[in-house]
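If you follow the hints, you should be able to join the two separate chains into one complex; please do so.
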Amino acid sequence: MFHYQQKFEGAMLSCIFMKILEGRPRSYDRRMDKISRGQVKRVKEMVIPEVSEGAQVLEIGCGTGELAEMLIARGATVTGFDSSREMLDVARNRIAAKGLEDKLDIQQMGVEAMDGLQASSFDAVVSTLVLTELSDDERRFALKHSSRVLRPGGVIIIADEVVPRKVIQRLFQTLVRIPMLALTYLVSHTSTHPIEDLPAELKTAGFTIKKEIRSQGDSFALIVGSLPENQ
Amino acid sequence: MNPFKFIWAMFFRLFPCPVPVGLRRIGNPDRKSPVLITCNFYLTVRRLLRKLRGIDAWLLIADSKGVNVWCAAGGNEFNTHSAVSVIKISSISDLVDHRRLVLPPLAAPGIRAKEVREQTGWSVNWGPVRAKDIPHYLRAGLHRNEGMKRVTYNWHERLDTALGTLFPFFFLGAMGFLVFARHLLLDYLAVSIVTFLFFFFTCPWLPGKRGLTKVLFLDAILGILLFVFEVSDIQTNLSVRPDLIIAMVMLLFYGTELGGLASNMPSDLDPFLARLGIGGLGNVAFAGTIRTELLNDFRVLRYYRDACIGCRSCAEVCPQGVWHMDKEKRVVLAHIEKCPAFLACLVQCEGGAIKAE
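The listed protein sequences derive, respectively, from chains P and R. Per my numbering, the first sequence starts with residue -18, numbered consecutively. Per my numbering, the second sequence starts with residue -7, numbered consecutively.
Okay, chain R solo, but in the shape it has when bound (with noise of 0.2 angstroms):
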């Protein structure tokens, strides 16, 4: 272990932490074990190691620019080329028989399975979304239950994703107050904690549905009380009203971004940003693109039936379950309210059926 890198991962997810791409034995493999492939982000690659600890397999680590898997699909940079490279250069086809590789679910809006197997002859099974079902997975000869191809969001997931993007900002506040204004300092601290913790741990049972109406709630109630202790004559030695409008802030700042951190919900900010003319941020995109013209409804996802193949791809990666097979084994566009606009669907469909129009 790297102890730089695994708090530079941990707590600077924003910036990228790659690791050499390339093929990794785990255990001891031969030429019937199964062949993974993730991307070479520090993070998610040792997170994975310690899920497969007694297991035999390839491991292939693909370029994805030391970006996660889900971002880096998202953000185009673990793409077709990324897996058909690391496929070809690591020789993987002369020490294994088969030809089955192992996808990472969330990888599918980045990684096209019908242009690896035509490039490489390689077959592409989406794995479960979760690296700790993968043993299972394997051991149960590589099929998948329901309840691995959909992203969860339990609050330890929301506390790990939002401290990893979260922490230099609070780190840049802490800057802030030690220089502009040190009496508040450990206030502030204290308050972000708080309200950190309070709100990723309820915030799934909090009134709305996007992140700004969950935090105007809360931030409305703050606001009550700060009114409450302008008006009455409540004596205390503690800064109570610095601390609530501390906390009415930083809970604002929370719920604004909930969708980015969150990515089954739809994000305020960036919307918000496009709408000033902010079209994007280093490699970050507000604008422009099909994910965020759908998230705004300038996009309508449609489903032409005709045009469907019954390839199921759809329905194999998308992490929500917004579609399903009728029984003429062609899919229906089901649950589109669930849709959070992955695009992995529009990027898996053989047939050309799914549109963003």
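Chain P on its own, in the form it takes in the complex (with noise of 0.2 angstroms):
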């Protein structure tokens, strides 16, 4: 169930920076993804194939549409909410100048909103380096409105900075944040937090984790969890 790989490491750099570059919604992916060497863009990549085709996806956090654009390549029909109204300015025209306005809706909203959803009406949630801006509670009620509008048998992808299991690890990943947190508060008076233990939250939500795939210094995950068949 587990694989650990190395070539995300990065990501978890970008999940410190992402709070600065947010104040620059254009450039926001391209600076993203210098700044993880590509790692985001390749995230959202692994993301993609467990969705099937022609799913119904509801994105929390889809920020500038990135994903979403990769999603409805796939043939997906998306449905994103965001609660900057930049980014979703950015997201809008990245769609529009596509034409593939009748495949994403966008509201601006935050996952409070989430109790107006429809239940049952999607096949999974995405969300990427979203939920370590969320608040413990905003982030369990995230979770909890996700497997209510899931239907039987969908499920639910996240990629995130995770806190690592092992002692020797989350000192590394402290001592590697701490200079960079100290640079991110000083420009844009903000911070992300890890989250402790991912895959607990999303059991509790009712989901079986089907997939769990770890960075090497175990500080970013990639986790599947779906509901069962029949409720």
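Hints in this document: simulated from the structure, not taken from any laboratory. Just so it is clear, the structure is predicted and the values come from calculations on it, not from any experiment. Note that beta-carbon positions come from the ideal geometry of N, C-alpha and C, so glycine has one too. Some hints here could point you the wrong way.
[What the hints assert, rightly or not] Computed far set for chain R versus chain P, every beta-carbon distance over 10 angstroms:
id, residue
1, P12
2, R17
3, D55
4, H90
5, G133
6, F264
7, Q312
8, K330
[Said to hold, decoys possible] Subject to a maximum C-alpha distance of 30 angstroms in a straight line, what follows is the list of computed BS3-like cross-link-like pairs (lysine-lysine):
id, chain 1, residue 1, chain 2, residue 2
9, R, K(-3), P, K15
10, P, K125, R, K57
11, P, K15, P, K125
12, P, K22, R, K57
13, R, K141, R, K43
14, P, K125, R, K106
15, P, K125, R, K24
16, R, K(-3), P, K147
[To be verified] One side of the interface only, derived from the structure: several residues of chain P facing chain R at Cβ under 10 angstroms:
id, residue
17, A36
18, D86
19, E93
20, S116
21, F122
22, L167
23, S172
24, R195
25, G198
In structure tokens, the structure reads:
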């Protein structure tokens, strides 16, 4: 069930700098890619095969719509929401440029409005580099409602920064994070926090863990959970 | 108490200092206990908890990005979304029978009462401006007297905000003296402390409306003193001349940004920087916002009586008492001269009767 992969350790770095880059929506994707040496994009590419073709997908925190566009290319229909209007403007322009408006529905809202989404109306919920920005309560709320809006057998795919399980790796992560967090804090006045035990939280929300891919330093994870076929 | 966070929040208030958002129990709250909302700035939450000792209540800490209520509401970081989010996510609706929220009125420039009501079903009651009045306010059945609605700026509030905001600059100044003029470091420290205390204790009684006119008055006196020392032949072991110059510079520094610290006075620095073409630093905007345009007379606050539905929102949230209610239960723009452009009335107006044009 677990795979260790070296190649997306850099995605953790981008998690930390993300808050700075969010102030510049138009160059967000390009800069994120540069900082992570292409690994953020690669993480998103790893999400794609987990979503079945023609699926109806809900994206939590769709940002500039990079992942949404990749999902649409796979034949999915995407409903995305984000709390940042500036980021959504970029996403709308991106989709309009490709003429894919009918495949993407965008809403400006936060996770707290997920209780307004219709139950059992999606085949997949995806979220990359978003949950680390939420508070613990918000994240649990988002996962609870993710399981509610999914049809039986639906999947959730999350890629985000996590707290390593081994003490030595935790120590390493803390040491790497501190100077960068200080810089991010000074520039953007905000920070993110890695998630302690994402698989356990997914299980609490009713998901079974299907796949868990961790980076070599154990600080970044891609987790796929699924709901039972017949509820 | 976290000593590091306390020192950071106390002396480096220009930077955020967040605490986790979510629901906190104060005392032993039950299904009838009041529900209060505040921001997630460390110092605010700490001070609020101290004032609420002995009270049973539910406290919702909403996301304001670790900034205090007023600044975060003005900068749109403490907004409707923060309030709605914490109400829904904390499941407070399952814990109490009523639907009455108590909000700090200084959050009114950010949180729209009408939208909170529409999105959550909770009605908003604007509480007292100062946390110390909350116990009294709750005992009186959510009733405020006029004093609880008004912002004051007494000597300890002046010293508190001024110290919290200016300390990093003192620190930088001290570093500068340490490196370039070490023999004057002690003079600098002594002079800045004396001028700081003197100015912020006496500033309401100094002549002039704006901070700049107040300090120019003081600087003129110090300038005359300096001149007297230059032309006379007084011998002294003290470094009087540099001290006077340091005092004049420090006073100019306090006075120029007094508006930014005092909040009930217009800033002199913001329009000055805006004129130089500097639109903002970091998250702080000097130009282009409705507030700066009102303060610089590019816009005027207008009131359309015909559109007024008499909801009283503006009168409830104005911390300066600019609005009064008349006999027909509509508002009157009674004291426009007191308006410090907080924009709370503009944000809360349910009839669209108040506009900045």
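Going through the hints against the structure:
1. With a minimum CB-CB distance of about 6 angstroms to chain P, P12 (chain R) fails to clear the 10 angstroms threshold, and the non-interface call is violated.
2. Every beta carbon of chain P lies more than 10 angstroms from that of R17 (chain R), the smallest distance being close to 14 angstroms; the non-interface claim holds.
3. Not every CB of chain P is more than 10 angstroms from the CB of D55 (chain R) (nearest about 7 angstroms), against its label as outside the interface.
4. Non-interface call for H90 (chain R) relative to chain P: holds, since the shortest CB-CB distance, roughly 21 angstroms, exceeds 10 angstroms.
5. Listed as a non-interface residue, G133 (chain R) keeps its Cβ farther than 10 angstroms from every Cβ of chain P; the least gap is roughly 30 angstroms.
6. Here F264 (chain R) stays apart from chain P, with its beta-carbon at least about 24 angstroms from theirs, past the 10 angstroms limit.
7. No Cβ of chain P approaches the Cβ of Q312 (chain R) within 10 angstroms, the least distance being about 29 angstroms, so the stated non-interface status holds.
8. Its beta-carbon lying about 32 angstroms from the closest one in chain P, K330 (chain R) satisfies the requirement of being farther than 10 angstroms from that chain.
9. Pair hint K(-3) (chain R) plus K15 (chain P) does not hold up; C-alpha atoms about 34 angstroms apart against a cutoff of 30 angstroms.
10. For the given pair, K125 (chain P) sits about 24 angstroms from K57 (chain R) by alpha-carbon distance, which is consistent with the 30 angstroms threshold.
11. A C-alpha spacing of about 34 angstroms is found between K15 (chain P) and K125 (chain P), which places the hinted pair above 30 angstroms, so the restraint is violated.
12. Annotation: proposed proximity of K22 (chain P) to K57 (chain R) holds, straight-line Cα distance about 28 angstroms (limit 30 angstroms).
13. A distance of roughly 18 angstroms separates the Cα atoms of K141 (chain R) and K43 (chain R); the hinted pair therefore holds under the 30 angstroms criterion.
14. At most 30 angstroms may separate the alpha-carbon atoms for a hinted pair to count; K125 (chain P) and K106 (chain R) meet this at roughly 28 angstroms.
15. Using a Cα cut-off of 30 angstroms, the hinted pair K125 (chain P) and K24 (chain R) holds, with the two alpha carbons roughly 28 angstroms apart.
16. Our distance criterion of 30 angstroms between C-alpha atoms is met by K(-3) (chain R) and K147 (chain P), whose separation comes to about 28 angstroms.
17. With 10 angstroms as the threshold, the beta carbon of A36 (chain P) stays out of range of chain R, its nearest partner Cβ sitting at about 27 angstroms, so the hint is violated.
18. Violation of the interface hint for D86 (chain P) is found here, the shortest Cβ-Cβ separation to chain R being roughly 20 angstroms, above the 10 angstroms cut-off.
19. Interface hint at E93 (chain P): satisfied, since its Cβ lies 4 angstroms from the closest Cβ of chain R, which is below the 10 angstroms cut-off.
20. Of the supplied interface hints, the one on S116 (chain P) holds, with its beta-carbon coming within about 5 angstroms of a beta-carbon of chain R, less than 10 angstroms.
21. Taken as an interface hint, F122 (chain P) checks out: its beta carbon lies about 5 angstroms from the nearest beta carbon of chain R, inside 10 angstroms.
22. About 8 angstroms separates the beta-carbon of L167 (chain P) from the nearest beta-carbon of chain R, less than 10 angstroms, and the hint is met.
23. Because the closest C-beta pair between S172 (chain P) and chain R is about 9 angstroms apart, less than 10 angstroms, the hint holds.
24. Taking 10 angstroms as the C-beta cut-off, the interface hint given for R195 (chain P) is violated, the closest approach to chain R being about 26 angstroms.
25. Restraint check, G198 (chain P) versus chain R: the minimum CB separation of about 26 angstroms is more than 10 angstroms; hint violated.
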